[in-house]
Amino acid sequence: MKALPLLVFFALLPLVNAPLDWLSLGLTRGLLRYGLALGGAWRVAVISLVDIVLAGILIFPLAAITTAMLGLANWLAVLAGGEAVLPIAPLLRAMAETPADPAHYWVYLMLLSTLFPSLVHILGGFVGLMLACLQPIFESAVQAQEFVETEGGGDVTKDTVLLYVYPAFAATGVTALVSLIWLAGAAVPLIETAVYQFAAWLLATAAGVAGLFPV
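Count the sequence shown with numbering that gives the first Met the number 0 and you get residues 0 to 214, in order.
Don't take each hint at face value.
Stated by the list, open to error - Pair ranges (Cβ atoms, derived):
#1 A175 with Y195: 27 to 33 Å
#2 S178 with A102: 29 to 35 Å
#3 A88 with P188: 29 to 35 Å
Everything labelled a hint here was simulated from the structure, so no lab data went into it.
Note that the structure is predicted; figures quoted are calculated from it, not measured.
Glycine is no exception: its CB is placed at the ideal position from the N, C-alpha and C atoms.
Using the sequences and the accompanying hints, generate a full structural model.
Right, dumping it as structure tokens:
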């Protein structure tokens, strides 16, 4: 039975994890292609948010299946006269009490692996959202530049564009960028609260599945 822990952690759990990881990756690629086909920074940003939500949902079956595999391995090990491979209840209690303990990082890494492709996608969506906010300013600046370079505009009008319109565009763009950064910083506490609530739901899911096994 000494080989059972190695079999569980290096064979069974990766095999369970792999299909959901591939599903998450395929989902991200499909949504990314759909967003690029639609075009528009706002659409890409919205599709990125949808991607991260769906990837988060996939973590729950992963947590349930992983817990079930560990519970089954523990039950088989005890049934054969050995010790549990990894007692689940003490692990869940320790994760709830000290979630930042490095000893639990392997669990987080295994569960969050389904989110990695989506995190890259959401980063692209955030950039797209920023570009969507700044796009009207860029387009107006390009139109003003085209007007200045044509022969149809009078010199006085061109001078007005150069003296007032361009600085106004620059000031508006900087203000919009600073505002977006401030909003992102203000959202950090909300994101932190959501992450803790999400973790609590995951622990509850794992605890519910663990209760189905005697060990």
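inquiry  = When the structure is checked against the list of hints, which entries are broken? Sort them ascending.
reply    = 2
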